[in-house]
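**Student:** Sequence:
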Amino acid sequence: MSVPVFHHVPKPISFIEFSEAVRATCPPRFPHALHTVPRRVALAVSGGADSMALAFLFSRLRTLDQGMKVADNSIVAKPTAFVVDHRLRPTSTKEAYQTINVIQSLSKFMKAELLTIHWARELGLTHTAAHPFDPNALPNVETLARRLRYRRLGMACARFDIASLFTAHHEDDQYETVLMRLLNGHRARGLRGMAPAANIPECFDIHGAYESGFVDDQLRPQPFIRFHPRKQDWRLIRRDMRRDLDKAAYAAELRRGLQTELDIAYIHQQYADGADSKRSSRRHSPPPPLPPIQTEDAGVVVYRPLLAFPKDRLIATCEANNVPWIEDPTNKDPTMTMRNAVRYMWKGHDLPAALSKPAILAMSRRCAARAEADEAEADRWATRMVIRNFQPNVGTLTIRFPDLAVPPARRTSRYARRRHALRLSRRRTMAALLIRRAVAFATPEPSPPAIASLQTYLPRLFPSVATPSEAARLDAVPKAFNQASVLFIPPSIGAHTRRMSVPVFHHVPKPISFVEFSEAVRATCPPRFPHALYTVPRRVALAVSGGADSMALAFLFSRLRTLDQGMKVADNSIVAKPTAFVVDHRLRPTSTKEANRTIDLIQSLSKFMKAELLTIHWARELGLTNTAARHFDPNALPNVETLARRLRYRRLGMACAAFDIASLFTAHHQDDQYETVLMRLLNGHRARGLRGMAPAANIPECFDIHGAYESGFVDDQLRPQPYIRFHPRKKDWRLIRRDMRRDLDKAAYAAELRRGLQTELDIAYIHQQYADGAGSRPLSRRHAPPLPPLPPIQTEDAGVVVYRPLLAFPKDRLIATCEANNVPWIEDPTNKDPTMTMRNAVRYMWKGHDLPAALSKPAILALSRRCAARAKADEAEADRWATRMVIRNFQPNIGTLTVRFPDLAIPPARRPSRYARRRHALRLSRRRTLAALLIRRAVAFATPEPSPPAIASLQTYLPRLFPSVATPSEAARLDAVPKAFNQASVLFIPVPPSSSPTSAQEWLLTREPHPSRAPLPFVAFIKNDFSDAPFVFLDKPETSPPPDASPWTDWRRWTLWDGRYWVRLRMRFKGVVRIGPLTPAHAADFRTSLPPADRARLTDLLRRHAPGKVRYTLPALYAVDSPPPKPLSAAAAAAAAAAETGADAATAKEVETPTTTTPPRQPDVGWWRGQQRRVKMLGLLTVPVHLPGLDRWLQWEARYRKVDTGLLGRHASASSAARTGRGDRRRRWVRRSGRERRRGRGDRR
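Per full-length UniProt numbering, residue 1 is the first one in the sequence shown, and the count goes up by one each step.
Rather than coming from a laboratory, the hints here were simulated on the basis of the structure. Among the clues, some could well be false.
As the list claims (entries may be wrong) - Straight-line C-alpha distance at most 27 Å; calculated DSSO-like pairs for lysine-lysine: (1) K568 <-> K78; (2) K94 <-> K108; (3) K607 <-> K231; (4) K832 <-> K857; (5) K607 <-> K577; (6) K78 <-> K108; (7) K69 <-> K311; (8) K357 <-> K11; (9) K847 <-> K510; (10) K832 <-> K847; (11) K1023 <-> K1070; (12) K730 <-> K568.
Because the structure is a prediction, the values reported are computed rather than measured.
Let's have the full structure, built from the sequences with the hints guiding it.
**Tutor:** Okay, here's the thing in structure tokens:
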């Protein structure tokens, strides 16, 4: 057969891709700003396809996402497009005006400005010389045109108060730039290419364009960036200060005549020399300091958001949206510029693989990553560099560089010498970067000096990294020298020194400032749904116990709510009042009194904070009767602290779910982190356990509470006003429809209608009707179309996240914060008892004894950070490998998926040696860790367990899934044909290869069948209205409910069944309904009760979607009879219980008495609440098959637990489309009654 040839069709850039690129390119420049004002942004548009695509995408961004921020300011103001007329061609002016007309036709929210380059004026020519002047005659006309273009753009931005300029540089421009620099001999730092964000070039001397204009902005009455509170915030602050003022203490201070800080400063100034009544003489008075001048900041930043997109995608964007552009003929002349020559070379010829576009761009990314790592390490070394006495009036400063000495090697060998040379080279690079940062304070040069030029005098400033030859040439006494137009003068050493008494300074903890706390909150609470278009202010919660740490958290949050109302926690702003939850454990007689006092203290902090009391009822939580509860003492329990923690988090989770709260803040601090890691170290945890508490994590102990643990997202999207909105608002839809009507070509649309152009729906109809090419002949049953797919149930998301913003602060700073702001707190005496809990014992040990240096607080916290960094690196590498893992056919109704794992084989070493074997062993260990992480991600789709399995527990069956990382002994035990096995309650079934024996093995993952000896998971729903109406055993739901039947109850709360399905239902009869797994005995009875059509449909659905034992993990609905039937014998009861659990006859014989024969199975009899009850299967919960007429008596909903839909790719579930902004709100899957269907409500599936 002829092989079809597929051509690559470039895909237009979508709105989500462009918005993500803009967000990644434009981080905040001033993250400490309290308030910002919408500011205009500018686009540099030349008229080509790339710049016109940028203008079109920005017009859509301005229409669909007005709340988006570019750097620090939102883009509500109209973007301005600057069109530069270079006047190098006769048609340039005409093309510039044409470009302006096209830009203004794109959107009414975009403004265009024409910038003309006057060559004679820019070059300083006289009128006589300018008349016959032709700029094309200049030898460097392109370079000069670039310089003048950027200067005109910089002056225009400064005039219009614009700080963000967007250009349309794309991936092909980046490739040409790096290729030109490579041909010119640039080194690694020059091969990084164009940065996504950089200061505007060629504008070093233009105020307001290059790193200037910040002071003028702050002097405005309404600055664009505000660092101080607004008037309304000041009023609130003054009101709080007046309320917190202790008038009695202030009056007592006035009576005592207490000196203020100004009085003390005046006394020190007048009597600095110790004379009581005599002024210090003029001879000994120090000169007054110079009034410092202000330093500039801000300026225009050039952003390049299209560097990740090739030009063909930009052209496709213009073609798909009917955006015209202008082609510049000079761009195709290879003799015009070097860029044109390079473009002609790589587009018209086949370059070597090393110079291909993917190779050059990959090299550019590696160089950029290396430079970024160097800058990050230089940042850490810069913290040890001491800079003082900076005088901006004079331009001088005093600096002390850190010691960059490389520690000597332990063993002298060839490899040790090579390693020492590499580390020395790296330290010299760090030294050069530190010199560049110091030189930037005093140099008059516009750009920093090159690193290679700093190597000459580097040994004078860093003698510890000098080579032996450089050290031999160093002077004994340092001398002055100049470098990069900066003079380095060594300090003068006096011949006579005077001994002085050394003062002793004691550490005084510093209170936590507002800026520190706001930074910690921002770093701890990144957005959970970055693709959301709009968010609604949402309440946050604080867990307050009354201690110093939680009271400091409440005080800092009250100030944060007062001073920065626009701040976002995760996705929502904190305009709403924060809620403080106070939990009364009732473990001490004074606990209730202390809880009420804590509530009073919280409410006295600020009127913008609300307090709620949560009480733990131990008898109710433990399921005790009233008689046992009277004499119950929870302190007598052996694990009372662990149980109290579990009940506390469950009460917090239920409260957050009731109040629609998604963010819970706790006051865990640095000391708690140290104690946690130390306890885990004593308990033998490994590296992943020694990370300590995460700054943000799902709420623990709430796995089965809907709305608290990874759930509640679907209900939020079904609200009329959801907290997180992924679709445009009504007014945005109006603007979109207006733009679409304006862009509609009515003549072309009328021509299409006249031609009768087929739509996609017509084509789909033709394919469906005539798929076999049989003309109008109907399809036979043998060739009938396959069954329609199961309507997928929705998957949950969101839930409550616990944030710990105080992990970086020790407890003494929290106590200092409370003391400095007069915030009282309550001390819990049980925290000081070392025999109470292990944490108390560890706290007593490290505070009352001198531990070894390896167990000290700094060492343990450094160990925790290293373990966290290692785990983060493992997860990042597992993310990259997960892109090669194919997950398809995910069926949330069944809980199955098909997985093909990537090949993690390690390439063999080039030279066999001892070091090569050791390196291979290390790489094999790392690959096995990555394999375990990939298995954890796949297992999470089908496992009923609440937490992922440990990595160590996955090593047993790891060689079966990843044979390439198996050890020789494990490879020898592998089967020739893969066999099924179970791991972490998940059954792995090998899928036979369909193409060739050498293809990668695929596995079907499903929940493992329920063990016959273990109890089955059941959830019971009971309706008892305490009336005289009899209980109904719903064994025949086809009968209509009587006229006096009970009305529909409210929806029951969501319940988690089998750790996978969230289930709720409502009924209109008095009875019992339970949800349990499908069993063989009940399945046979259920199949016989169905009509023939439904019976055949059930058989086809189970054969296709739930083959074999997979069907016995599906949730089913059962009706339970209330009055018990005639008692059965012990053997009959054992046989009935075995039949319900799906056990075989042999299992039933094992539990029967020796003298009794095994009776026949009774599928309609089961055990419930210790009694024998009749049980009838009504239908399957997630498969649309049930007994006829059941929807008249019962309605239900089902959702699947949260899964990582990002791994599914195109086969993601329907809820992932909503979370990524590509789908609309999904309807609930509800069984409606026939009467409601006739009313027009329909079956919402």
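**Student:** Against this structure, judge whether each hint is valid.
**Tutor:** Checked hints:
no.	hint	result
1	K568 <-> K78	holds, 25 Å
2	K94 <-> K108	holds, 22 Å
3	K607 <-> K231	holds, 18 Å
4	K832 <-> K857	holds, 19 Å
5	K607 <-> K577	holds, 9 Å
6	K78 <-> K108	holds, 9 Å
7	K69 <-> K311	holds, 26 Å
8	K357 <-> K11	holds, 19 Å
9	K847 <-> K510	holds, 20 Å
10	K832 <-> K847	holds, 11 Å
11	K1023 <-> K1070	holds, 5 Å
12	K730 <-> K568	holds, 24 Å
Violation of the numbered hints given earlier is absent; every hint is satisfied by the structure.
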